[in-house]
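**Q** The whole structure should be built from the sequences, with the hints applied where relevant.
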Amino acid sequence: MNIFAGLGWFVWPLGLCCFVSFFVFFERFLALRPKYVFPREGQAAESTVLGRILTFSQTATGASEVTAYAEWEMSRMERGLFVLGLIVNIAPMIGLLGTVVGLVQVFSNISPETGLPDSEVFVHGIALALSTTIWGLVIAIPAQIGNGYLSRRIETYLAEINISLARAM
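With our numbering, the residue at position 13 of the sequence shown is 13, and numbering never jumps.
Hints are computed from structural coordinates only; laboratory data are not their basis.
On a predicted model such as this, the values are computed, not experimentally measured, just so you know.
Ideal Cβ positions, reconstructed from N, Cα and C, are used throughout, including at glycine.
Hints are supplied without guarantee of correctness; some may be wrong.
Beta-carbon label-pair distances, calculated as ranges [to be verified]:
{"id": "1", "residue 1": "Phe-26", "residue 2": "Val-100", "range": "31 to 37 Å"}
{"id": "2", "residue 1": "Tyr-69", "residue 2": "Ala-127", "range": "52 to 58 Å"}
{"id": "3", "residue 1": "Glu-160", "residue 2": "Glu-65", "range": "18 to 24 Å"}
In the DMTMM-like style, the derived pairs of lysine to aspartate or glutamate whose C-alpha atoms are separated by at most 25 Å in a straight line are [to be verified]:
{"id": "4", "residue 1": "Lys-35", "residue 2": "Glu-46"}
{"id": "5", "residue 1": "Lys-35", "residue 2": "Glu-71"}
{"id": "6", "residue 1": "Lys-35", "residue 2": "Glu-78"}
{"id": "7", "residue 1": "Lys-35", "residue 2": "Glu-160"}
{"id": "8", "residue 1": "Lys-35", "residue 2": "Glu-155"}
{"id": "9", "residue 1": "Lys-35", "residue 2": "Glu-73"}
**A** Structure, rendered in structure tokens:
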């Protein structure tokens with residue numbers, strides 16, 4: 001059984017959602033490793049988020065400048081999460097659209113004589129309806145889990161960065 005057989009042209013937008021969600025998750029997962037956020041002994045300060053903030057704070061004229069720069073660095077940590085959130089919402093909608101298209105195919109080909117749809121069109125329409133719904137959810141659920149995991153990781157880092165900044169100032 002081919003798990004992609006019933007998707008029709010919906011395979012392209014669903015495939016794109018799948019590829020982008022995996023790419024964004026793994027890129028952020030790797031970029032948010034602690035060694036890129038908090039400096040280790042002997043590591044250049046400019047290579048980590050906290051190091052760049054602390055370096056900036058040494059030349060800043062006031063706390064508001066440091067706060068603005070820290071917020072900018074923190075927003076860079078959240079880069080891509082908007083896309084994951086968008087995919088979480090869009091993938092099931094694409095699946096729902098496939099469901100509607102599949103059911104329209106089924107009901108638009110009902111024979112006036114028998115009151116039944118052509119069996120081949122019926123099978124194809126139901127396969128499209130079910131396959132797109134399944135794949136929309138299969139893509140959205142892991143994207144939601146990944147988005148939640150990364151969001152929580154960033155929140156934890158932000159709390160640790162704020163503590164470090166408070167100690168440094």
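**Q** If a hint holds in the structure, say so; if it does not, say that too.
**A** Hints and how they fare:
| no. | hint | verdict |
| --- | --- | --- |
| 1 | Phe-26 with Val-100: 31 to 37 Å | holds (32 Å) |
| 2 | Tyr-69 with Ala-127: 52 to 58 Å | holds (54 Å) |
| 3 | Glu-160 with Glu-65: 18 to 24 Å | holds (21 Å) |
| 4 | Lys-35 with Glu-46 | holds (12 Å) |
| 5 | Lys-35 with Glu-71 | holds (20 Å) |
| 6 | Lys-35 with Glu-78 | holds (17 Å) |
| 7 | Lys-35 with Glu-160 | holds (14 Å) |
| 8 | Lys-35 with Glu-155 | holds (16 Å) |
| 9 | Lys-35 with Glu-73 | holds (15 Å) |
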